[in-house]
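Undergrad: Take a look at the letters that make up each chain.
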Amino acid sequence: MGLFPKDINFFELLDNASVNCIDAANNLVKLFENLDEIEQRANKIHELERNGDLISHEIFRSLNKIFITPIDREDIFALTSKLDDILDMIWGCADHVRLFKIKTTINGIFDMITLLQRNVDTINKAIHNLRLKKYSYVQELCIEINRLENDADKLFKGVLGELFETETNAIMIIKWKEVLEYLETAANRCEDVANVLETIIMKNA
Amino acid sequence: MGLFPKDINFFELLDNASVNCIDAANNLVKLFENLDEIEQRANKIHELERNGDLISHEIFRSLNKIFITPIDREDIFALTSKLDDILDMIWGCADHVRLFKIKTTINGIFDMITLLQRNVDTINKAIHNLRLKKYSYVQELCIEINRLENDADKLFKGVLGELFETETNAIMIIKWKEVLEYLETAANRCEDVANVLETIIMKNA
Amino acid sequence: MGLFPKDINFFELLDNASVNCIDAANNLVKLFENLDEIEQRANKIHELERNGDLISHEIFRSLNKIFITPIDREDIFALTSKLDDILDMIWGCADHVRLFKIKTTINGIFDMITLLQRNVDTINKAIHNLRLKKYSYVQELCIEINRLENDADKLFKGVLGELFETETNAIMIIKWKEVLEYLETAANRCEDVANVLETIIMKNA
Chain A
147 MGLFPKDINF
157 FELLDNASVN
167 CIDAANNLVK
177 LFENLDEIEQ
187 RANKIHELER
197 NGDLISHEIF
207 RSLNKIFITP
217 IDREDIFALT
227 SKLDDILDMI
237 WGCADHVRLF
247 KIKTTINGIF
257 DMITLLQRNV
267 DTINKAIHNL
277 RLKKYSYVQE
287 LCIEINRLEN
297 DADKLFKGVL
307 GELFETETNA
317 IMIIKWKEVL
327 EYLETAANRC
337 EDVANVLETI
347 IMKNA
Chain B
147 MGLFPKDINF
157 FELLDNASVN
167 CIDAANNLVK
177 LFENLDEIEQ
187 RANKIHELER
197 NGDLISHEIF
207 RSLNKIFITP
217 IDREDIFALT
227 SKLDDILDMI
237 WGCADHVRLF
247 KIKTTINGIF
257 DMITLLQRNV
267 DTINKAIHNL
277 RLKKYSYVQE
287 LCIEINRLEN
297 DADKLFKGVL
307 GELFETETNA
317 IMIIKWKEVL
327 EYLETAANRC
337 EDVANVLETI
347 IMKNA
Chain C
147 MGLFPKDINF
157 FELLDNASVN
167 CIDAANNLVK
177 LFENLDEIEQ
187 RANKIHELER
197 NGDLISHEIF
207 RSLNKIFITP
217 IDREDIFALT
227 SKLDDILDMI
237 WGCADHVRLF
247 KIKTTINGIF
257 DMITLLQRNV
267 DTINKAIHNL
277 RLKKYSYVQE
287 LCIEINRLEN
297 DADKLFKGVL
307 GELFETETNA
317 IMIIKWKEVL
327 EYLETAANRC
337 EDVANVLETI
347 IMKNA
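Residue numbers (my numbering), protein chains in the order written: chain A, 147 to 351; chain B, 147 to 351; chain C, 147 to 351.
The reader is advised that the hints may include incorrect statements.
Identical copies go unnamed one by one, so any copy, or any two together, can satisfy a pair.
Taking lysine to aspartate or glutamate and the EDC-like style, the derived pairs with C-alpha atoms no more than 20 Å apart in a straight line are [stated by the list, open to error]:
#, residue 1, residue 2
1, K211, D182
2, K279, E158
3, K300, D199
4, K211, E158
5, K349, D338
6, K279, E290
7, K249, D231
8, K303, E195
9, K249, E185
10, K190, D241
11, K303, E185
12, K349, E204
13, K300, E193
14, K190, D234
15, K321, E308
16, K176, E286
17, K303, E193
Keep in mind that the hints were calculated from the coordinates and are not lab data. Keep in mind that this is a model prediction, so the values were computed, not measured.
With the hints as constraints, model all of the structure from the sequences given.
TA: This is the structure we're talking about:
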């Protein structure tokens with residue numbers, strides 16, 4: 147058990163966690179493009195979700211083992227948790243498409259995932275630049291994440307509103323409402339990541 | 147960056163946040179009274195929600211800038227977050243009434259909002275008296291908040307139970323269940339505020 | 147107000163909280179076995195839920211009163227909150243069966259509760275052995291809790307999937323989906339307890 151985090155690179159681990167989210171979001175596009183191969187597509191995302199759990203676990207274990215961390219312990223904890231939440235939401239979305247045996251997409255679903263992809267990409271960039279101490283650039287990226295979350299929220303409400311206007315089968319509404327809510331919550335967790343990043347910047351700037 | 151919170155009046159900011167919740171609850175009554183003017187009514191509450199975000203942001207920024215706070219840092223943080231949650235729930239309720247194009251009210255909805263109004267009023271009074279260090283009075287107000295939450299919970303279940311007994315359209319049930327849940331969660335967040343206030347009192351009494 | 151927790155036995159209180167969860171889970175079996183006596187059965191669980199609130203309250207009050215705790219203050223807080231969450235979920239399940247006037251069970255519901263019973267039993271055993279500082283045994287029990295949560299998650303999805311495949315009444319789907327989600331969330335909170343226990347072990351081992 148060492149005093150200094152020589153051997154534990156938290157930035158590297160956080161980068162891994164965010165890359166894992168990017169992978170999962172990319173695979174979610176493929177899942178909706180290939181709903182007839184739902185089993186393989188969902189399993190692939192499940193794999194990434196379990197991989198994310200391993201990364202989180204390694205970070206938490208390391209936090210408990212060392213005394214000095216490059217950024218505040220509770221901020222590393224929060225970043226890790228929120229990144230894991232994003233991944234869980236992507237997995238929840240995929241898993242419920244499979245569970246509900248959804249066979250066709252609806253208007254706006256790909257736009258929602260595209261926004262999510264841009265959001266996790268921006269998060270990855272922000273973590274990278276946090277490591278480089280480019281705080282004012284990280285700040286800009288946080289504003290971008292918030293903007294993307296805002297767009298995602300508007301889009302979600304548009305898609306949900308259209309669902310309730312056009313779908314007459316209540317069971318289909320239940321299914322899609324749940325699937326869409328996973329995507330909406332993923333966007334909210336991206337915003338949470340931005341909030342933690344802003345706290346870190348404020349402490350260090 | 148100063149050591150002492152001379153220029154930052156946390157009590158003033160928390161008071162603003164609670165007044166904002168009162169405004170939003172009052173506007174929610176008007177929204178349900180004028181469902182044919184839903185756009186303006188929802189927009190008004192959205193304005194208040196954004197105003198609340200600005201207040202929260204100012205409190206969080208101040209917390210990161212000063213070393214000494216009149217009450218424990220984490221308690222100010224928790225109070226702010228929970229007050230913001232109440233506001234978000236009121237906004238969520240309003241926004242979904244609009245989104246779901248709800249045109250008529252149901253039994254009990256005004257009673258639920260009346261309880262919420264009384265709850266946020268009591269919270270405002272408690273924050274005011276916390277500042278005056280009238281701890282035993284704040285304690286009484288916390289008990290009142292808990293009682294109101296209890297009433298709100300019973301009322302919510304009554305309204306939800308009646309909805310499931312009388313409404314035969316599953317889609318209408320989905321819509322109203324969601325709208326009611328926002329109000330119920332708002333009441334729960336009021337109780338959370340009371341819990342934080344009790345923690346503060348225990349530390350200071 | 148004393149420095150040392152002579153008179154406050156946190157382990158005893160945490161044990162009480164976990165025994166209360168066991169009681170509630172046992173009563174949930176009886177509730178589903180006697181749906182025609184739903185009022186008495188739900189009231190019994192409500193009583194346990196209120197008892198749990200008293201235990202939590204006593205722990206929180208004690209935490210605010212003493213300076214030295216046998217395990218980290220925030221870990222006692224987290225354990226207490228999560229145990230209370232488990233109880234709330236059991237109560238939420240029971241309460242909604244009553245509210246929704248559910249008259250018949252569905253396939254898999256008893257299996258889900260059996261898993262929950264095993265999970266809260268294991269948690270009780272873990273808390274007991276934490277007190278005895280048998281950390282490696284507690285670690286084994288945590289792995290068992292995680293395994294049980296995993297099983298519960300798979301079972302939940304199986305039951306939910308079957309519900310959507312066989313039930314054609316959307317309102318029944320809404321009702322059962324909610325009831326099942328309470329059980330699923332209870333299992334997740336059990337996993338949260340295991341995570342807190344693992345953190346405690348890491349700090350003390």
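Undergrad: If any of the earlier hints don't hold here, list their numbers in rising order.
TA: Going through the list in order, the structure violates hints 1, 7, 16 and respects the others.
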